[in-house]
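One letter stands for each residue in the lines below.
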Amino acid sequence: MKKIMIAALTLGTTVSANMAMAADITPEQSRQQFVDYFKAKSPSIEFNEYGNGVYNYNPDQRMQWQAAEEFPPYLDFIDAGEALWEKDQAVYENCFGKDVTKVRVMYPRFNEKTQKVETLEGQINQCRTDAKLKPFGWKKGDIANLSAYLAYQARGQQIDVKIESEGAKKAFLDGQAYFSKPRGQFGLACAECHVYNAGRRARGNTLGPALGQTSHVPMYRAKWKELGTLHRRYEGCDKNMRIVPAKVQSETYKNLEFFEAYMANGIEINGPGYRE
Amino acid sequence: MLKKQMKHLLTVLAITTAMVSVPTVSNAAGKNASDIEQGKELAFSRSKGNCLACHAIPGGNLPGNIGPALIAMKLRFPEKSDLFDKIWGKPDKSMPYSMMPQFGHNGVLTDAEINKIVDFLYQL
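First to last, the sequence lines map onto chains A and B. When the letters of the first sequence are read in order and numbered with the numbering used here, they come out as residues 1 to 276. When the letters of the second sequence are read in order and numbered with the numbering used here, they come out as residues 1 to 124.
By construction, these hints were calculated from the structure, which means they are not laboratory data. Just so it is clear, the structure is predicted and the values come from calculations on it, not from any experiment. Incorrect hints may have been included.
Below are the DMTMM-like pairs computed for lysine to aspartate or glutamate, each with C-alpha atoms no more than 25 Å apart in a straight line [said to hold, decoys possible]:
1. A:K223 with A:E93
2. A:K239 with B:E113
3. A:K39 with A:E268
4. A:K139 with A:E118
5. A:K169 with A:E251
6. B:K48 with A:E251
7. A:K134 with A:E93
8. A:K39 with A:E28
9. A:K181 with B:D92
10. A:K239 with B:E79
11. A:K162 with A:E69
12. A:K102 with A:E86
13. B:K90 with B:E79
14. B:K93 with B:D111
15. B:K48 with A:E235
Just so you have them, the derived chain B footprint on chain A, three or more residues with Cβ under 8 Å [claimed, not checked]:
16. 48 to 60
17. 114 to 122
Residues of chain A placed beyond 12 Å of chain B at every Cβ, according to the derived structure [as the list claims (entries may be wrong)]:
18. W138
19. E192
20. G204
C-beta atoms are modelled at their ideal positions from N, C-alpha and C, and glycine is treated no differently.
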């Protein structure tokens, strides 16, 4: 067990020492170790269940969550997203193709020409500005509603992020470093809460697993009473760690999303998800 | 009228007894009592120690369970200075891969603040 932990966290907390090693193993080996780590940690949780995040760890919360998902409060937002798609349909079809069920699964992806990661939200706004339309705000509202509509249409398909070049591998490693590097006054890393201590409680909050964190985005949060993007959530956790967050849709967060999504390969898309 | 006088008398009494009792208290427990109280506040406050995020501590609500419960600290740390060093984050007291913040090392808390927290924990 100890051995698995150390291996899985070649993604380690002592990143400086481990980065050289991390570069030596392939992203696919990293992913396999990551999945094995969670399997060893909680043998009874089915792989695909990691799309349901923190609700794997707490039966009471899981029951409340299932009840919420029966009459989900996000349906109106999905309808709003559909209306947005239809309003500028020709523009979007030009960028993403005619099949709305096939958009979510394309992202995040590495663009070999620009040598940068593309996210769904980033490309929605890129598509709009290319067509001389006003871009949406980044974290909530229209962008989240349209993204949620596309996620909903893609439900049931598996996350399938590809790394096929040195550039893509570099973006992955950059995201991995952000994920595992201790930062700020508390010396905390994402990995501390969402890998080593997943399932434990920080105050009253159970810590969810990092595996599958991108399956159900954007998410509806009871706390927000609306949808928010994955990067909005990244920003929130960075702030909780008392560090200055990166900018949403910056290269830093895009690489982080690329890393997390690659780690979640094979998990079914189930967005938008309800969270507390 | 009588009632009013009574009330007045009671107030005066209350004030004088208060005045009398203050020195008694501080003589008995010394500076320590308020240090312990301040230490508790520092440990529980979300903007300071926020120890409850990770530790159960007697008297604290909704604790996390990332770290061990902070009880029987005298048994655990016979040397009071070891407890200080642990919270301060001296390298030889830090565990690899631990989420325990290095409060002094990283400047989250001053040495004086850590000392008060130690006073509070040491009597639990």
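To see whether the hints hold, each was checked on the structure:
The suggested pairing of A:K223 with A:E93 is violated, with an alpha-carbon distance near 34 Å, which exceeds 25 Å. As the CA atoms of A:K239 and B:E113 are separated by approximately 24 Å, the hinted pair is consistent with the 25 Å bound. The hinted pair formed by A:K39 and A:E268 meets the criterion: a straight-line CA distance of about 17 Å does not exceed 25 Å. At most 25 Å may separate the alpha-carbon atoms for a hinted pair to count; A:K139 and A:E118 meet this at roughly 16 Å.
Under the criterion of a C-alpha separation no larger than 25 Å, the hint pairing A:K169 with A:E251 is consistent with the structure, at around 14 Å. For the suggested pair B:K48 and A:E251, the alpha carbons sit about 33 Å apart, so the restraint of at most 25 Å is broken. Of the supplied pair hints, the one linking A:K134 and A:E93 holds, its CA atoms being roughly 17 Å apart against a limit of 25 Å. Of the pairs offered as hints, the one joining A:K39 and A:E28 holds, with about 16 Å between alpha carbons and a cut-off of 25 Å not exceeded.
For the given pair, A:K181 sits about 21 Å from B:D92 by alpha-carbon distance, which is consistent with the 25 Å threshold. Pair hint A:K239 plus B:E79 does not hold up; C-alpha atoms about 36 Å apart against a cutoff of 25 Å. With a C-alpha separation of about 31 Å, the suggested pair A:K162 and A:E69 falls outside the 25 Å cut-off, and the hint is violated. Restraint check: the Cα-Cα separation between A:K102 and A:E86 comes to about 16 Å, which is no more than 25 Å; the hinted pair holds.
The hinted pair formed by B:K90 and B:E79 meets the criterion: a straight-line CA distance of about 15 Å does not exceed 25 Å. Between B:K93 and B:D111, the direct Cα distance comes to roughly 16 Å. Compliance with the 25 Å bound is thereby established for this hinted pair. In summary, the hint linking B:K48 to A:E235 is supported, as the alpha carbons are separated by about 22 Å, within the 25 Å threshold. Remark: the stretch 48 to 60 of chain A is not confirmed as covered by chain B, as 0 of its residues place a Cβ nearer than 8 Å to a Cβ of that chain, below the required three.
Only residues whose beta carbon comes within less than 8 Å of a beta carbon in chain B count, and the stretch 114 to 122 of chain A has 0; fewer than three means the coverage is violated. Look at A:W138: its CB is around 28 Å from the nearest CB on chain B, clear of 12 Å, so calling it non-interface holds up. Its closest Cβ contact with chain B, about 5 Å, brings A:E192 to no more than 12 Å, contrary to its assignment away from the interface. With a minimum CB-CB distance of about 4 Å to chain B, A:G204 fails to clear the 12 Å threshold, and the non-interface call is violated.
The structure fails to meet hints 1, 6, 10, 11, 16, 17, 19 and 20 from the earlier list, while all remaining hints are met.
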